[in-house]
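Residue numbers (the working numbering), protein chains in the order written: chain F, 1 to 500; chain A, 1 to 496.
You may find that some hints are simply not true.
[Stated by the list, open to error] If you only want the chain F side, here are some residues facing chain A, beta carbon under 10 Å, derived:
id	residue
1	Gln163
2	Val245
3	Ile411
4	Gln467
5	Ile469
[Stated by the list, open to error] No farther apart than 20 Å at their CA atoms in a straight line, the calculated lysine to any residue pairs in the SDA-like style are these:
id	chain 1	residue 1	chain 2	residue 2
6	A	Lys54	F	Arg456
7	A	Lys77	F	Gln432
8	A	Lys77	A	Ala393
9	F	Lys496	F	Arg240
10	A	Lys54	F	Gln139
If you're looking for bench data, these hints aren't it; they were derived computationally from the structure. Cβ coordinates follow ideal geometry from the N, Cα and C atoms, glycine included.
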Amino acid sequence: MKYLFIACLVVLTGASVLTALWLPESRSSVPVLYWVTDANPARQDQINIFKQWMKKHGYPTIDLRVDTANNDQSKKIIQGVSGVAGDIWDLYSNGETQYYYEIGLLRDITDVAKRMGFDPSHTWKAAEPDLMALTHDGQLRQFSFPDNATAGLYLVNRETFRQHNQPLPPSNWTYDEFERRGREFVKTANKGLPSRRYYFADGVSLSSMIRSYGVGEFNETLTRCTLDDQRVASLLERWRDWMEVDHIIPSSADLAAMSAAGGYGGTSPQKFNSGEFAMIFSGRFILIQLRQFDIERKKKGLPLLDMGAADPPYQEFPNSQFVTRSAAVYIGSHHPELATYFLSFLASEEYNMQIVRDADSLPPNPAYTNTEAYLHPPDHPNEWGLHEAFAKVAETIAVGKSYSPFVLPQIYNREFDEATQEFLTGRITAKQAAKQVTARVNQAIERTLVENSNLRPLYDKLIKDQQTIDALRAKGEKVPLSLIRDPFHRAYYQFKGWAQ
Amino acid sequence: MSSSRSRTIRNVGAGVAFLMPNLLGFLVFTLVPLVFSMVLAFSNWDLKLHNQYKNNSIHFIGLDNFIRLINEPNFWKFLGNTLYLMLLMPFAIAASLIAAILLSKDLRGGSRRMWATLLLTAIMVGSLLLLMATGQGRSGMVIMMASLVASIFIGGALGGQTVYRTLFYIPNFTAGVATMLLWKHLFNPQSGPINSVLRGPLVSLTDVVRQSPSSLIQSGLWVSAGLIALGAWFGLRRLRKAWSDGDYGSNAVILSAVFLILPAVLAIFWSPVPLVGWVTLAATVCVTLWQLVIAIRGRDFHGRPWDGVGSSLMTATSLMSLQLVVLGLGIACYHLPAMAAVSDGLTPPNWLTDYDWAKPAMMLMGFWGAIGSNNMLLYLAALTNVPQELYEAADIDGATRLGKFWNITWPQLAPTTFFIVVMGVISGLQGGFEQARVMTQGGPAGSTTTLSYMIYSQGFEIGRLGYASAVSWMLFAMVLVITLFNWKFGNKYVND
């Protein structure tokens, strides 16, 4: 028996050694880097273009591999603090840059980005909150660069509007107009049907709606949550009525019921293609899926989707939330300099034109949205005009998301979702929901300050700035933009003419 | 001497070497993390502040994490969710017991029974094929399901117990996530089979409710009040009899009686008609006094104060669950006319996206899993150990089937039931993570977030490892207290 035992030990040890030798790092003669990203067939093309780009510029040869299994936030954190995470991370617009900076997991690329030409001046202005983190000494430092960017608008199925004898939505409209047209549309489209089938739109962006009423999630210095506002309560009621009373947009239960449809982008593109959603609120990336429908339509001899675009409606302040997927370098990477080349590649023409061709949202560099390939893709004449609209929204009314360094975005999101869900299920009123999320987020801010005393000097400085802002506002004077940290308030103050 | 000693050393060495893989695994992956997490629970370890890329030091903060936890409203909410989901336990145990009893019968048909089954199956399959051929078949899925049922019948007729036992046990060895995804589709409000089945009867029920006087439908609330009092009477009578026989002690009976009276108290707060709540409580108090008066007359045998507390509590809490279900149905009856009056009439629930239905939906899935669970196997094994002489003696005495079950089978299964209850309580308190993660993400509005999900969320989403450890140890303390209680009182009854 003991010989069998020893034999097992030898076999297992041998297998472990073989596994170690079999790892790409051991077998490859060039450095192997891992890019932690989502599962998307386009990634392989992008890697191939990257390798060609490296060769063209005479940079070192490297082997870049995609790691789609560890893109989850908790995996990134656990592997990151353990020192074994991938070299390049894709970050998403839920405050990951600020969060990972707080944990110390990202490499500061401010200086190298300037040197290699991928600092924030090479991308969309509204992308800044996703790329930069507010350091404890109050500076903004760069930690990532966009893979792509998105500013949402309404894609309009013009065929559906014609079918129901409804006028096409204007490109610029208020929520009152949206509501009026929506009611008319669903009333006409669903007339005589045994159950509701047609919706005016697949949804509205609640955060854009809040901002359009002139309310920010946080105050100007990101030190307090400011959603406890009568305007928030009234817009929540309006939003609820659109789902539960007017049925202009589907409720979450309606959407869950439709969830049988698969494919990129979920249910919305399928319903848009079938005409059941007259409009969908989305970024340019949705065209990837819609192009698949066009292939099917061509096969069946049907006309291509007849599409138009409409800006997001607004109450007072026109805006659209700007989000990105951006790449950052892991602090524990064994090849940080080589990983930085990849971020530089994201600003290159080769990469940007690949994004342009694939319609994988907006390219990182806005300059490439002026190209003919972007504006008039030859194989998709039904999209002409749309691409321009996406770029225009990103350039003119898009505003980045607000992240407070004093509360984790996931805590804010959880509290916000919980309060709105409790409101939608009738457990609390809209006013209570606004009050609840504000109170809880502010409690979380206070808890952060107790747990992390390093943040206290920054907080105190920002509170002083806030007092200055409040005093200037009380006197009706203009406020220096340098005092305002929140991207919404920066844009809003400029819109209202309150900024110096 | 020296050769014997070296041989002993060699043997011990070989023994230790054989034990080492398991021992090392236990030390590295269980004991060390366990001790480590206990230390963590008293520290301020936060991944944002304390990791290899940050220079902050971890501090001992005493009981701060526990004090904060107790003061956190979400902790109590999530504990409530956990306990709510555990209400399933009595029903799940009953289901696995019924399944085990059914599967312990010889289901193999005689030749006549087998031919009858085969004939019926052939008729069913033939009819379906005919329907399909003439374009009348509703869908391929219906044909497939019908064929599946047919093959189960045939398999059962030919293979008997073995086939059915295997089929019943399938949910237990199917991957949890796969079954959860399956149930997620079953619960789909629009296209899910559950709502498809419910929709038709609900339309008919809407018509019935609309055509009936509202007061008649709403009187269901009064019926539920009566049933709750009746349940209390049944339970108290049983407690009183067991107390009189010396099986249950006085303290055990008093404690269990509290659980039987609790639904009547809750009826005051929950009933839409306050009078119904008060009448329910008055009726329950009356039956309690009635049993008390009978009890005061004296008892035949005397037991110690806490004798049988485990068994009496199990009976009382099971009955309490039933009373609460009846109360819920009564309240539903009261609201039925108003619900049917809206233009859509009565509609099936939105299950996982509805705050009030998300937990019952998860319990429904748990109930399905419980029927063919390990508990069923345990009961099956225990049933084979019940001495046949007891049944023979009961037959001679003219005992009914129910009488035999209640007086022979159930007491004989007590050790198994005790084990199942202990394990059920432990897994119930620790459970709910996978379901919440896969099916609801803890929503809507935190209605399906359990303590285990809270641990994950605090530890790996927010990074508060010290705080998450405190939640874990709080959970452990609860499990320990309840298990000790079970062992102290339940085990004594079982061994008696």
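ask   = Checked against the structure, which of the hints given earlier come out wrong?
value = Result: hints 1, 2, 4, 5, 8, 9 break, sorted rising.
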